[in-house]
Each structure stands twice: as structure tokens, then as C-alpha cells.
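Participant: In order, the protein sequence lines correspond to chains A and B.
The first sequence begins at 2 in our numbering and counts up by one.
The second sequence begins at 80 in our numbering and counts up by one.
Don't read these hints as lab results, they were simulated from the structure.
Keep in mind the model is a prediction, meaning the values are calculated, not measured.
Note that CB positions come from ideal geometry on N, CA and C, so glycine has one too.
Mixed in with the good hints, there may be bad ones.
Pairwise CB distance ranges (calculated) [as the list claims (entries may be wrong)]:
1) A:M124 <-> B:F303: 31 to 41 Å
2) A:N107 <-> B:R262: 55 to 65 Å
3) B:R201 <-> A:P301: 39 to 49 Å
4) B:M361 <-> A:D114: 53 to 63 Å
5) A:S271 <-> B:P200: 52 to 62 Å
Covered stretches of chain B (chain A as the covering partner; in silico rule of three or more C-beta atoms under 8 Å from a C-beta of chain A) [as the list claims (entries may be wrong)]:
6) 161–171
7) 185–196
8) 235–247
9) 278–292
Which chain A residues face chain B? A few, computed with CB under 8 Å, are given here [stated by the list, open to error]:
10) G161
11) P163
12) I164
13) R188
14) V190
15) D197
16) A202
17) A204
18) A224
19) Q228
20) L248
21) K251
22) E354
23) I357
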Amino acid sequence: MTRSIIAAAACAALLAVFAAGPVAAQDKPSLTVGAIYVGSVNDYGYNRSMKDGLEEMKRNIPGLKLIEAENVPESAESERVMEGMIQQGAKLIFATSFGHQQFAFNLAKAHPDVYFEHAGGWMQAPNFGNFFGATQAAWYPMGVAAGKMTKSNTLGFVVGVPIGYAIGNVNAFEMGARSVNPAAQTRVVVTGGWSDKAKEAAAANALIDQGADIVTMHVDSPATIIQAAASRNAYAIGFQSIEAAQLAPKFWITGLGFTWGPFMTETAKSVMAGTFKPAMVRQGLGQGMMAVAPFGAAVPPDIRTLVTASADRVGQGFNPFTGPVTDNTGVVRIPAGQAWGGEQMGNFDWYVEGVIGKAK
Amino acid sequence: MNPALIAGIVAGAVMSGTSLLYATLGEIVGERAGIVNLGLEGIMLIGAASGFAATALVGSPYLGVAVAAGAGAAANLVFAYVVVSRRANQLAAGLSLMFFGIGLSALIGRPFVGALISGLPRLAVPGLEPGGIGARLLSYDSLVYLALPTALLTWWLIFRTRWGLGLRTVGESPAAAFAAGLRPELVQYQALTFAGLLGGIAGAHMSVALTLTWAEGMTAGRGFIAIALVIFAKWNPLWAIAGALLFGGAEGLQLQLQAAGADVSPFIMNMTPYLLTLAVLMLWGWRRQSAAPAALGRTFVGVE
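Okay, chain A solo, but in the shape it has when bound:
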């Protein structure tokens, strides 16, 4: 008897909750946008940069409704999460991690009236485009900052997984450093995963043991490495989000971050106007998707000027991968008169002269 009373009370409570839902709903949004993240948006890294871009889009477009989901794995689970967003009225979906591509693409075929933008991939359909930052050349000014700031002439670079794009980042970094400091060397440690905190801390320590006084990284979140470096009085250059300075303000030099806001705003406007065009968008410094983070207090004005000038030069089309480029075993990989760009950035399986490390 008591049980049935409790059950009835529970049902009544549930009904009340559901009944309250529509009453709370606001006016119809101008556009509903869904976004899935592979991690937490508070990672000071990649996911944060995506969150910042989407928030900028939301501020730019009145009445826009944003539905978000964090920690969405790169599996069929992501397809279910995005399907749920479509059920809630999403007409544009940002699938922000590389491994979400196939699942977003499946949904794009099933829902031709919903538009998709995927970060980092290559697939295309009338309602499916993709975008990413052109990171490699943008690392060159980071190298300029490091080459000028180092006292030991040893720079440390923690790489999660040594894919071609990551190796290209290391290469541009070292070339930038050597352009202002011919004695600068970059030591590389590969952890084997994009997010293994304990290994990242150990890798930063190992680099500092080998004389690095500046550490930088290509992993999902820079938080652990920046803090590990600061604990041993080593400086850091960040990557992914331009907000990482607050992790260790005293030991912050600068950083390279993604600025997705303008692109996301334009995309949302094109969906509202019915003019969406799928494209493979890749933008670097000076083109909208990449920016140099604010400088730390430790960086003197002349170095700031130099780094900013270098970033401007990259923005105006300077390509560090213009031959002759020699690898760290002395072999000329890009002959004089040639240059690597675009898709070739994924082809690096060698480090440039001055990098201490093996790529394969």
C-alpha cells in the first residue's frame, strides 16, 4: 500500500516536471547551434578555444541558442549526442574533434536540412564543410620568442603523437628560433598520447633536466606542462588556447591560439541566410583562425616587437618551409626553389636541423 502511494507521488512529481518544461521555453531562437567537444571546455587548451569561438558567435548573433555537450567520445556515441541536438532543433552543428568526422558525416547524409562544420577533417557534402587553423607557419614567431628569451640555448617541446602536422609545428618553431639565435636547439619528447597528464609532467621535467629553460607543447591541454615547468623556474610557450597565461603568469612568454569566433559567426549567418557553402577552410596567422597570445611580464619590449613583426610577416604570406631546408641528419629535404605548404604539412616525418629527436 505504502509503495503504491510512493509510486503515485513519484509519477505526479515527474508529470509536474514535464508540464513545467514548455512554460519555461523562451521565444523561438533565431538559430539553434549544436556543438560537441571531446573534452572539458575548462582545459585551457583546444576545447577552450572552441568554446570561446562559439561564445563569440553567440554574442554576435542576437537570439542564437547554443546547445553544447562536453566529453563526447570519438565513437558512435557522438552520433547519438548530435542526433539529440537535431531533435532539439539544431540547424548547424560544430563537431570539434577530428574523430567526430565520420559520425557527423553520417548524420549530414540523413539530415540534408542540417548543416555541419567539422574541425580538422577533409570530408565534404552540400551541407558538410570543414575548417582548421594553419598552425605550422604560425609556430615560426613562437620560435623567434623562444630563441630570443633562452639563456641555455636549449628549448623543450613535448609532442603528444608525432603526426606530420605536429612535427611541422616543431620544425617551424626551431627555424624561428634559429633565425634569431643560431645556437638554439629544440629537444623533443613524445608522450604517445594527446592527454596523459602524468607523462606530460615527467616529459617537461626530463626536458628541463637536459637544460631546457623554455618548454612548449603540442598536446590537448597545456595546463600540466606549463605548471610543471613553472615549478622548476622554466618558462613556457602555450598552444591551443590564448588563455593559458593565467596558469603561470610569472613564467609565461607567449602562446599560439586558435580564434574560431569570426569563422563560426560567418558560418552561422550563412546558414540563417540560406547561403551556406561547404569548403575546406584553412586559415593561419593574419587570416582569422590563429592569433598570438598576450606576452608575459618577463618579455622585454624589443622582443615583443620582434615577435609581432615575425607574426605579421607570416600573416603576409612568409613561408618558413621554403627551400633549401635541411633535416637534422644533414639531408636536404626541401631543395632550393621549392616550398612546402597546404596538404604537405601532414607529410613531415623528419625534423629540421637543430632539432634533437627522431621522428620515426
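Assemble chain B onto chain A, guided by the hints.
Facilitator: Chain B in isolation, oriented as in the chain A frame:
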């Protein structure tokens, strides 16, 4: 090999070996009472998340470690109720505990992702040149310095006290322990509480001292390495010290060698800890039978 490399390898082994040692010591005590806890990974994660959360909220890493120990013990008491009082299968209950721990730690840690904490301070031996090799080798947080005494204390508890005798008796033969006037269930509850305390501390060392970050699943399988270490240590806390240093060192070694510019592929480097694990288990394998508590993993259903 340069001195900085050797100092780095040793310091790295100590730092990453510490959490392994705490976890292994706890598991040894639990297994000495006849209970295999495959949920250790989950206990460590609960410790890492709750310790980080408490540190972020209150600002004291010491309180964070205490909360982590309490949370680890509480979670292990749930496990104890299931396997001791309800007499459930230990392997199944342990795996469930692991998944429970993964989920619960994600829930606890979620609001604290990205929180900035000041972790356990490093206490350097005074008089050493800052940035020098001596300072690198002798500046650790307090949990590192306490790890060795904890191992010795655990050894003393198991092999030199009346309680330890009872514990080992329960692990060898609960029926005999019962006949001798002991209450096997009570001893097992006590052992699992102790194991939970240490498992929670092991997790807290990773989040509050080693990385100063909370990330889902951040223990990355170290709970299972600790379970393997129990076999390696032959259920003896003193051997666990060597095992934790060896396994902690294996991970640090390959990162140090990469930084030093060793002419080996990073892909092979990343395999070395697992190759070492296999080699060690092969070398040890033949001796483990005699050392395992006889009633390990069995359910004691009482004596008529």
C-alpha cells in the same frame, strides 16, 4: 650518460613510483586478508578527483590528501560490504567498483576541471644549490618522504603484530582463523579500509602533487600496474618498494632518454615500460605460487 640524465631518471622514478607504492601497499594488505580488489583503479580515481576538488575548494593540499584517503576508504567499504557481507564474487565486484570509480570521479571532478591549485609543496633538503643535481634528487613533496615509512609500517603491521598474524591467518584459511577465535569478516573490513585509505592517497598524489590537474581517467591504468606489482612483490611491502621504483622508473626512463637525444624511435621508446613489465613477470613468474595467500579470491561462507 650525463649526471643530469641519471638524476632525472632517479627523481622521475621516485615521483611516479610514489603513487604506485601507496596503491600496492594497500592492495597487499587487502590480499593478505584474502581479497583481490580489481577496483583499485577506481579507488585511485576517486582519490585523485576528491583530493583535487577538496584542495581547490579549501586551498589546503594536506586537507585534500586527507579527503582523498577518506573517500578511498569509504568506496572500499562499499566493496567490502559487497564481497564480505554479501559474499559476492570478488573479480566481478572489483571490476564493477572500477567502473563505478571512473564514473563517480568524473562526476566529482567535473566542476573542478581547469581549477588552479597550489599543490603539495616541495620540501628541499636545505643547503643545496637551487637548480643543481642535488636539489633535483632531494626535493620532493611530503607524500614522497612518507612513502618509505608507510611501507616499513605496513611490513611491521603484517609480520610483527598480533593483528598482522590474524590478517595473514584469514588470508591463508578463514576457517582456521575462525576456529582460533578471530572474526574473519571484521579483519577483512579492517584490511579493506586500510587499502582504501592508501588507494585514495595514491590517487591524490597524482592530482595534487604530480600534475596539479584533474582529468578524467588520469590514472591511466596505474591501478592495474599496482595489482601486478603485488605479485611482483610476493605480497611483501619491502619488495613493493623496489617494484614501485622499477616500474615508476621504466616510464620516466624512456622520456628522459628522448630528452637526452637517444638515437631510438619514439615509438619503440613508448613500448619500453610494457616490455620491462613482461620481462619482469617472466623472470618472477615461477615463484609466485608459493607466496600467494592460500584463500586469495575465495569467498568465506562461514563454518558450521
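Participant: Hint by hint, note whether the structure agrees.
Facilitator: Against the structure, the hints:
1. Remark: the range hint 31 to 41 Å for A:M124 to B:F303 is upheld by a beta-carbon distance near 37 Å.
2. Taking the beta carbon of each, A:N107 and B:R262 are about 59 Å apart, inside 55 to 65 Å as hinted.
3. Between B:R201 and A:P301 the CB atoms are about 30 Å apart, so this pair departs from the stated range of 39 to 49 Å.
4. Taken as a hint, the range 53 to 63 Å holds for the pair B:M361 and A:D114, whose Cβ atoms sit roughly 60 Å apart.
5. A hinted range of 52 to 62 Å for the beta carbons of A:S271 and B:P200 is consistent with their spacing of about 53 Å.
6. Coverage of the stretch 161–171 of chain B by chain A is violated [criterion: at least 3 residues with CB-CB distance below 8 Å; count 0].
7. Here's how the stretch 185–196 of chain B fares: 6 of its residues keep a CB closer than 8 Å to some CB of chain A, so the rule of at least three is met and the hint holds.
8. Requiring three or more residues with a Cβ within less than 8 Å of a Cβ of chain A, the coverage given for the stretch 235–247 of chain B is violated, as only 0 such residues are present.
9. Chain A is given as covering the stretch 278–292 of chain B, and this holds because 5 residues of the stretch bring a CB closer than 8 Å to a CB of that chain, at least three being needed.
10. About 11 Å separates the beta-carbon of A:G161 from the nearest beta-carbon of chain B, more than 8 Å, and the hint is not met.
11. Among the interface hints, the one on A:P163 holds; its C-beta lies about 6 Å from the nearest C-beta in chain B, closer than the 8 Å criterion.
12. With a cut of 8 Å, the hint placing A:I164 at the interface with chain B is violated, because the nearest CB-to-CB distance is about 12 Å.
13. Hint status for A:R188 relative to chain B: holds, with the closest Cβ pair at about 5 Å, below 8 Å.
14. With 8 Å as the threshold, the beta carbon of A:V190 comes within range of chain B, its nearest partner Cβ sitting at about 4 Å, so the hint holds.
15. Annotation: interface hint on A:D197 holds; nearest CB of chain B at approximately 6 Å, less than 8 Å.
16. For A:A202, the interface hint holds, since its Cβ comes within 8 Å of a Cβ in chain B; the closest pair sits about 5 Å apart.
17. Restraint check, A:A204 versus chain B: the minimum CB separation of about 5 Å is within 8 Å; hint holds.
18. With a least beta-carbon distance of about 5 Å to chain B, the hint placing A:A224 at the interface is held under the 8 Å criterion.
19. Of the supplied interface hints, the one on A:Q228 holds, with its beta-carbon coming within about 5 Å of a beta-carbon of chain B, less than 8 Å.
20. Interface restraint check for A:L248: the shortest CB-CB distance to chain B comes to about 7 Å, inside 8 Å, so the restraint holds.
21. Checking A:K251 against chain B: minimum C-beta separation of about 13 Å lies over 8 Å; hint violated.
22. Hint on A:E354 is violated. Least Cβ distance to chain B is approximately 14 Å, over the 8 Å limit.
23. For the restraint placing A:I357 at the interface with chain B, the shortest Cβ-Cβ distance is roughly 4 Å, inside the 8 Å limit, so the hint holds.
In summary, the structure is inconsistent with hints 3, 6, 8, 10, 12, 21 and 22 from the numbered list given earlier, while agreeing with the others.
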